Structures are given as C-alpha cells and as structure tokens.
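*Asks:* Its first residue numbered 1, the sequence shown is counted upward by one per residue in full-length UniProt numbering.
FYI, nobody ran anything at the bench for these hints, they're computed from the structure.
Note that the coordinates shown come from a computational prediction; the quantities given were computed from them, not determined experimentally.
Quick reminder that beta carbons are idealized off the backbone N, C-alpha and C, glycines included.
Check each hint, because a few of them may be wrong.
Unchecked claim - Heads up, simulated EDC-like pairs for lysine to aspartate or glutamate below, C-alpha to C-alpha not over 16 Å straight-line:
(1) Lys-81 to Asp-91
(2) Lys-69 to Glu-37
(3) Lys-69 to Asp-91
Said to hold, decoys possible - Derived CB-CB ranges, DEER-like:
(4) Lys-81 to Cys-33: 41 to 47 Å
(5) Ile-73 to Ser-4: 51 to 57 Å
(6) Arg-6 to Ile-73: 46 to 52 Å
(7) Gly-32 to Ile-73: 33 to 39 Å
(8) Ile-73 to Ser-12: 42 to 48 Å
(9) Pro-86 to Val-16: 51 to 57 Å
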Amino acid sequence: MAESRRCTDCGSTNVVDDCHYAQDQVVCADCGCILTEGVLTTTLQEEKFQQAVRFSESSGQDESISRTKLKGIIRVRNLCKVLRLPQSFAD
C-alpha cells in the first residue's frame, strides 16, 4: 500500500509506485525523492545463453552508415565555420 508510506525526505504521504522504466521504484510525488529502487540484474541462468555481438548488430545500425553520418556532421561544422555562422547552427 503506497498510501501508508511516508517520504523520508519531506514527510509527505503522497508516495507512488513508478514502473515506467526497467526497474520499479517507489517515489515521493511531492519532492521526487526515490524511496526504494528495484534491482536490475540478470540471473546466472540468463547469462549462460548470452553471447557477444558487435555494436552494429546490437544497435541495428550499419557501421558504414555511421561513418557517413560522421563525415556529414564534420562537413556541416566546417561549412558553418567558413560562413561564420553561430555554433547553434553546427549543433
């Protein structure tokens, strides 16, 4: 029962279960203090079936596409310098 809990920081009873992320948390809705966090871990059983993969395989991105994007970003930054544009344009 989240209603009977008190925040250790501000003393509020407005405490909620927050399960929007990978682990469950109990959070004070008034001050944002995290009262308890769930444990994010893998069990030994799960680790037996894991295998190493390259980043490009795990992310679904091709490495050559990433290199092309990087070259494009560098080119845009260089053009912004030549044209004396503000840094916000390059970003």
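*Asks:* Would you mind marking each hint as holding or not holding in the structure?
*Replies:* Comparing the hints with the structure gives:
{"no.": "1", "hint": "Lys-81 to Asp-91", "result": "holds, 12 Å"}
{"no.": "2", "hint": "Lys-69 to Glu-37", "result": "violated, 38 Å"}
{"no.": "3", "hint": "Lys-69 to Asp-91", "result": "holds, 14 Å"}
{"no.": "4", "hint": "Lys-81 to Cys-33: 41 to 47 Å", "result": "holds, 46 Å"}
{"no.": "5", "hint": "Ile-73 to Ser-4: 51 to 57 Å", "result": "holds, 53 Å"}
{"no.": "6", "hint": "Arg-6 to Ile-73: 46 to 52 Å", "result": "holds, 50 Å"}
{"no.": "7", "hint": "Gly-32 to Ile-73: 33 to 39 Å", "result": "holds, 35 Å"}
{"no.": "8", "hint": "Ile-73 to Ser-12: 42 to 48 Å", "result": "holds, 46 Å"}
{"no.": "9", "hint": "Pro-86 to Val-16: 51 to 57 Å", "result": "violated, 43 Å"}
Violated hints, in rising order: 2, 9; the structure is consistent with all others.
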